[in-house]
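Please build the complete structure, drawing on both the sequences and the hints.
Okay, so the sequence shown: first residue is 1 according to this note's numbering, each after it adds one.
Worth flagging that the hints you see were computed from the coordinates, not collected in a lab. There may be inaccurate statements among the hints.
[To be verified] Computed list of lysine to aspartate or glutamate pairs in EDC-like fashion (alpha-carbon distance at most 20 Å, straight line):
hint	residue 1	residue 2
1	45	34
2	45	22
3	45	31
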Amino acid sequence: MFILIVGAGRVGSSLARAMLRDGHQVSCLDEDSESHARLEIGLEKPWEDMGGQFTVGTGLEIEALREAGIEHADAFVAATDGDNTNIVIAQIARRRFNVPTVVARILDPFRAEWYEQQGLHTICPTRVAIEMLEAEVKEAAAKVAGGA
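Below is the structure:
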């Protein structure tokens, strides 16, 4: 499977390494050329020697998306640090390039829910953290209430 990830920060680069190790073809697009170094953390060989591709540019640049391989992508992940950017580029991937699987990381839980209702697949790390913290606190409260 060919996966295009826009945003090679901590999340995007970690996902890219995991997918590459699983045998997928992975291309990363990031506006910061220094992000390339993040992709190689923990790899046995350089990113490109492992089969990875890296393109400098933004997900809002159609030519950069094309250079990164969007026209052949089976999956697209919008993982920049900006909700607005992720929403727009995910819609470009879905509507203009017809990428079969498109996922956008959205930090704002209200936005994530609204766009999910509009048919955009979103992952909201904030919501996941809230749910995990809530579960931990409820478990602690149950122990206190039960006298444990």
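Hints, one by one, checked against the model:
1. 45 <-> 34: holds (18 Å)
2. 45 <-> 22: Given pair residue 45, residue 22 holds - Cα atoms ~15 Å apart, limit 20 Å.
3. 45 <-> 31: Given pair residue 45, residue 31 is violated - Cα atoms ~23 Å apart, limit 20 Å.
Hint violations for this structure: number 3 only, all remaining hints satisfied.
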